[in-house]
Every structure is written in structure tokens, then in C-alpha cells.
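Going down the list, the protein sequences come from chains A and B.
For the first sequence, our numbering begins at 7 and goes up steadily by one.
For the second sequence, our numbering begins at 11 and goes up steadily by one.
Bear in mind the hints are in silico, worked out from the structure with no lab data behind them.
Mixed in with the good hints there might be a few duds.
Said to hold, decoys possible - Using 16 Å as the maximum straight-line C-alpha spacing, the simulated EDC-like pairs for lysine to aspartate or glutamate come out as follows:
hint, chain 1, residue 1, chain 2, residue 2
1, A, K500, B, E17
2, A, K394, B, E68
3, A, K465, A, D387
4, A, K313, B, D76
5, A, K383, A, E504
6, A, K465, B, E68
7, A, K395, A, E463
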Amino acid sequence: MITILQQHSAALLVALPLLFAFLTPLTAKLNAKLSKLVIFIGLALITLTAAIVSFDVFSTGTKLYVMGAELPSVAKPASLTIPVRIIFEIDAFSAFMILIAALIAVVACVYSLRFIKESTSKYYSVFFLMLAGMFGLLSTGDLFNLFVFIEVLSLASAGLIAFRHNEVESVEAAYKYLIISSLASLMILFAIGILYGQYGLLNIAALAKALRFSFVDVVALALLVSALAMKAGSVPMHFWVPDAYSRAPAAITALLVVASQACLYALFRISFTLFGAFPLIQLIAWAIIILGLLSMFVGVTMALPQKDIKRLMAYHAISQTGYMLLGVGLGLLANNSAMAPFGLKAMEGGIFHIMNHAMYKSLLFLTAGAIIYATGKRNLDELSGLAKKMPFTTIFFIIGAAAIAGLPPTNGFASKLLIYESAYMFNPLFSIIAMIVSVLTLVSFVKVFCAAFLGPELKELADVKEVPKSMLLAMLLLAFFVLLFGLFPSFVVKTIVEPAANALLNQAAYIGAVL
Amino acid sequence: MILAILETGKGFWEPITFLAFALLVCLTVFIIRMFGRKGFTYSKDKARAFFSGNLADENSRVKASDYFWGFFEAMKPYYNLIMKIHTGIINDYVLWFVIVASLLLIALTLGVFQWV
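Excised from the complex, chain A in its bound form (with noise of 0.2 Å):
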């Protein structure tokens, strides 16, 4: 049985969610109780086929998942020279995403025990829809059916930012997501297409290696790097992120911010092993770093002035997803140069960063639903005093704020860390600009602490109470991690962010691994 589980890991990390996505309304017909039960069922053995996956790829390499073929792990039959079916390739940056997203969801399923009262079936029938779309986006070594993901992730997610559908706010939500999910998928389609009507391939390794990087191909670069950077919430192009952040259920959106992320590794994977051989690759760099630079400062600066406290943390959410673009964008900009070694711990602090970014954002977003699912109030000044009433949700959001403000012994400080010292030798104002906006969040997230949770008690807030165990249980698990991760981050970066990081500069052995 483990054997079996482990040959096919990579098939069943889709196959799963997309069965259980169907088992679940379906046994919710017959009988509601042994529709949880099949979702604790699902939710469990996607869990355990993720961690098989990264277990296996961070002790033994790259794993190759060829669907339709004699042999899983053969690319292609004796008789062609390039891969014609679908294939899986999970190397350690894949296997680290797939970690992520996995812990993610299991955070989120818990949190939505109590949380979500009415269409629990709806619910988790497309939350296992959109882990379809994001572990086989994470896993799929080929480009139309990283499409493909992309579409089945964007509409899982439309559906479940608009799952309180009689809040008007939250379709229009929805439907913002919705054009801007589907404008990115058109220009990837487009830009696949381009490069299918030159090279006949969609396999990513082979049309690595058959680039000839001419006019056409670095239009597709062009519309691959913006689409991607857009759904990745990157500015200019992160208008949506509020809107969608901000009125999706709380642990939907822990799961939007992986979703994100999710984008952001499809972008690193276009132009770290799809273009990774491009002469001008560092053009694209200098793009990457740009708006890294961007998205970090009009992130936090607009998140100062937000009132409604998933709108603030939205904002934060941009603001971080810039540290990310700096730290990888540096790395990819010092790729075989003299200055790689820097490249590699900017990259290694990136990296670092999306684990522990999907980390305490979570959490925040936890928080922040723990208070609206208390209060029913989300506008910061309705709230006050909150600290008395909700002990446990305040400890979780200091140990939040303090991670995202890059406070020590925090896993947001040893990921910044690598961050500010990597980029202060490329340019020591990419570090200046790091450390305010980390200053900047700070002074964020103490008005948050000031305002709700400190200050005098409200009259109508006098019935408040600590929210159920199960959400407190969601929040106290990534806690513990976000102060795991800080106190041990060397374990972390050599054990899972270093292999990823190599993975993601190695563009000769990902196409090895299939030619």
C-alpha cells in the first residue's frame, strides 16, 4: 500500500483533492456526519501523500511522474525523442512549495470547523478544488497544464471569495478576482501558445532547451512575467488583492495568500528554468526587483491609512510579497556572476520568506477573522479593549505582528535577515528601503494592537467572547511553527530552503531529469 502511494504519489497529490472534492457534496446528500468524516478522510490523505512527495524528492531528488506511460518515471517511449505526455516534475522547490501549501490547508480545515456554519459541503467541495489547482501547479512539469491549474485554482478561489454570497462586497469581490484571473490566464494561454506554434513542445525542460530566445519568445517572456506578477498581487498590477483578501472567509484567505504564492513560484520557475539560458535574463531580474521594490513600499504605505482590518493585512500581504520578488530577483540577477554567492543567500532569504510569509499571514488572517467571527465588526474603530475578552487570540496576533515586523527570535527576522545583508551588497539602498518598510509595518500593526485590543472596553462589545477552540487551535499550531522556524532557522535553510533554492538555479538538471 505505502509502496503503491509512493510510486504514484505525484498523480494522487491531484487525484486526491480532485475526488474528494466530489466525494464530499455527494456523501453530504446521504448523510452530513459521514460528510465530514470523508472530509477529515480526504483532508488526511492528501496530507500524508504531500509530505511523501517532499519526503521522498528532499532525500532522493527530482521526482518524474509521467501519466499514461509503462513506467511512471520514464519521460519518453524509446521510439520519440521529446516528451509527449503529461508529466509531473516535483524538484525541492516544487516539494517546498507543495509543504507549504499542504500545512496551510490543514490550518484552514481546522480553523473552518466552527468558523463556517451553513454550506460546509459547497465549502469544502471547492476548497479541495482549489488544493487540486495549486498542488498541481506546483507540480506539473509542463506549460499548458500549468494553464490549466491556474484556471482550476482562479475558480475555485472566485467561488469560495464569494462564498458569502449575500454580501454584496464580497461578489463584487469575486467577480473582480474573476477578469483579472482570467485577463492573466489569457495572456499565459496566448504566450504558450506562441511558443507551441515555434517549437511544437509544451514540456517546460524541452523548451528550455530548444529556446532560441528570438522576437516572438520574449514577447511570451513579457506576457508570462507581468500575468504571473499580477496574480502574484505584485504593484502596480495588486488592486485586486484587497478587494478578494479582505471579503473571502479567513481561512480562505490563508489559503489565497499559498494561492499567491503558488503564482509567484510559477514566475520564479518561468524564469529561472524556462528562460534560464536567455542572455538578457537579467533585464527581466531588474523587472522582478523593481516591483519587489514597489510592492514592498505602496504595500505598507497603503496598508497605514486602512481602517477595516483584513484590508490592512491585504495590504501587508503586498508589502511582503515584495521582500520575496527583491530576494529571489537578486539571485536571479546574480546568477553565474561574480556576485552569485550573495544571489544565492538573497535567494535562500526569498525563499525562506514564502514559507514563513504563508506562515504568519495566516495567522494574522486568523486573528483578524477570530475577531470579526467574535464581534461581527471588522472597521478598527468599532473595536477596543478586546484583549481582556479574547486572551489567546491576542497572544497569537503579537506573535504575528511581531513575525511580520521582522521581530527577533521571530522566522520573519531570519528570513528578513538574509534578506537585508544579501541585498546591502548589490545595493545598500534595496537594504534602507527593506528595514523602513519592516519599520513601517511595525507602526501598522501597533495601531492594530492599540486600537482593538487595548483601550477601554466598548458597552457593545461587553458579550464578546474567546472564539472555539478549534479556530484557537488553527491559530496555536502556526504560532508554534512561526516561533519553530525563528529560533531554528538554520535547520529550516539547510534542510528544505537551500535544496530549493539550488533547485531553482539548477535549469541543467531540471531538464535532465526528463531528456
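With chain A fixed as given, assemble chain B onto it according to the hints.
Quick look at chain B alone, frame taken from chain A:
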């Protein structure tokens, strides 16, 4: 390996030492606190909060929108510009994508012609 120092390129970070130092500071604070007046009893009156010399009630709190007004005043030109850009209109969202994609394409095209 678990307790290893995180190499940051030009420096390093050792959180366990930091934590040990933080605990030492806490211990020092606790020892100083022990020298405080004995026999202090907590009562609600002693812990009353004051706001500008007046007893704080729910009307005298600082609302979130009142925080950092000086910062926003100083940054007014920047905020006037940045708020104007955030229209909430989907057409504008798409326009920004077109602008970024065009700029990227122009930069890459110029680069390609220079390279060729």
C-alpha cells in the same frame, strides 16, 4: 545541525543566544521587582486608566483612524497621488496590467535589438 548558526552572507544570527539574553533581562527585571514595596494589594481603583489627566472611559479612546495623523499630514502629497490611483474600478486594474506588460515588452525589445 538544529542549533547551528544561520549564516547570512556577511554575518550570522544565533537566536538561542538571543533568547538566553532575553531571559537574563527578564530575570534581572524580576529581581529588581522583588525589591519593590511589600504588602501592595491590587484594587480596581489603583489600576484605573487615565487619558490626558481625565479618567478614561470608552469615549476617550484613540480610534484607529486618529493614529499617526502627523505622518499622514506630512505625506499628504504622496497619499493624494496613491489614493487617486486606487480607484476600485476594474478597467483601471486592467489598464495597469497593460502598462506593465508594455513597459516590459519595450525594455526587452530594446535589449534584444541591442543584443542582436
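query: So which hints don't hold here, by number, going up?
result: Checked against the structure, the only hint that fails is number 5, while the rest are satisfied.
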